[in-house]
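There are 2 protein chains.
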Amino acid sequence: MNESNSVLTAPTAAVLIIGNEILSGRTQDINLNYIAKKLTTNGVRLAEARIVPDITNEIVSAVNALRQRYTYIFTTGGIGPTHDDITADSIGAAFGLPVIEHPAARALLEKYYTKENLTPARLRMTRVPETAALIDNPLSAAPGFQIENVYVMAGVPAIMQAMLDSVVAKLRHGPAIHSLSVSGYVAESVVAAELAEIAARYPQLDIGSYPWVKNARYGTALVTRGTDAAAIRAATAEIHALVIKHDPHPEMG
Amino acid sequence: MNESNSVLTAPTAAVLIIGNEILSGRTQDINLNYIAKKLTTNGVRLAEARIVPDITNEIVSAVNALRQRYTYIFTTGGIGPTHDDITADSIGAAFGLPVIEHPAARALLEKYYTKENLTPARLRMTRVPETAALIDNPLSAAPGFQIENVYVMAGVPAIMQAMLDSVVAKLRHGPAIHSLSVSGYVAESVVAAELAEIAARYPQLDIGSYPWVKNARYGTALVTRGTDAAAIRAATAEIHALVIKHDPHPEMG
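For the record, the sequence lines run as chains C and V.
Using my numbering, the first residue of the first sequence is number 1198, and each one after it goes up by one.
Using my numbering, the first residue of the second sequence is number 1198, and each one after it goes up by one.
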């Protein structure tokens, strides 16, 4: 991509995935991809992601590094009822704030659970750093929370998705980021030189080249991305003209 | 998890995923999970992962932050023939080394391509920082490379996997990391208090709690992980005794 990019004027975001299970390989993360798509659709540029273990200092360092740098930070994981759920305390530590039982969070859980089922473990899920606002959890009541530009969400994908959907509407949206792709049976090295020339003529766009293999034949997807829809169409027409020299029927997308 | 963990004595690693396509949501990364499993099996503790865009400064900063801190760094992506493949130059910049055409890499590509097909774009894939050693690519010839503790691999999963498999044998292996799980129809908040007591009695182990939903019923996988196999068996027996109070037939794994 081109380092001076019009997309840079959009609000930026980072994702912080918290969880040993991702780093041990037990769990394949699918939250990042969902968040990435959702932010892109809404004109927020996801600029970085980090994955850290369930260790307080690691979470604190990552949150503090990222929140200084990007418009929004989205965390996933570690807000459940068990001993390994240390995200609320870590975010509190990152902001230098005490962690308190949030009265509205308690009210939500009191509505969701019967009185005898509102155990101390479940009440752990009402704890947020002082001054945090709650993020709605329509699936299982226990809320996420927001403090300044940091949005703290569950790790369970269905719950994370519901939380993010409710949060996205409130974000500052940049110009929508569009993309068009041309994908055909041609090795990327065959089109690389001409592609570089096209990319140089459209410095306001990202033009990415992604090789693939299908039926033992090499192909490449050439993806043009940015906020300038007319330029994207023009660059894509040039890329199409380049690819059809090698594959008369490329896929457009 | 417990912050003072015997697993900490193992060699450590970080993964750096380089690619706009992951951050835009176009591509679901599957490389991290493969690397995580492979390292865990070989007693290398994956301690952090970062995902950065195709921007030189971002790659340089991340490489330099991570390589100081962990035993090994594995990067994926950005070593192909196109204009957006800037990993070799970025790693060179991170180490303050010029990027040169590696004679052995050229010889590999000369063997793989006919002379007229060895285009300038393909020759880009022979460029590595001075003093780097090559990493074999049995699938499509263009090699990865290693410099000090940084291993630079392709982003295409099949190629990355082949490269990693050849590299892993040469790493310093820590004690093997084992894990056992008990998974049953019980909400994690129901077992949280007793689970915390078990976790406190086994400070040398990580005990993780991962909720799931199946057929509209809540369940939890309780995973015990560490290098002390006898302690893992003992803790898992306690966890099993806890879970069968709620689900007589938990799955063991």
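What the hints contain is simulated information worked out from the structure, not anything from laboratory work.
Check each hint, because a few of them may be wrong.
The list treats identical chains as one, so a pair stands whether inside a single copy or across any two.
In silico DSSO-like cross-links for lysine-lysine, where the CA-CA straight-line distance does not exceed 30 Å [claimed, not checked]:
1. Lys1234 - Lys1411
2. Lys1235 - Lys1312
3. Lys1235 - Lys1442
4. Lys1411 - Lys1312
5. Lys1234 - Lys1312
Going down the list of hints, with the structure as the test:
no. : hint              : in the structure
1   : Lys1234 - Lys1411 : both (25 Å within a copy, 26 Å between copies)
2   : Lys1235 - Lys1312 : neither (37 Å within a copy, 46 Å between copies)
3   : Lys1235 - Lys1442 : neither (35 Å within a copy, 41 Å between copies)
4   : Lys1411 - Lys1312 : between (57 Å within a copy, 25 Å between copies)
5   : Lys1234 - Lys1312 : neither (40 Å within a copy, 42 Å between copies)
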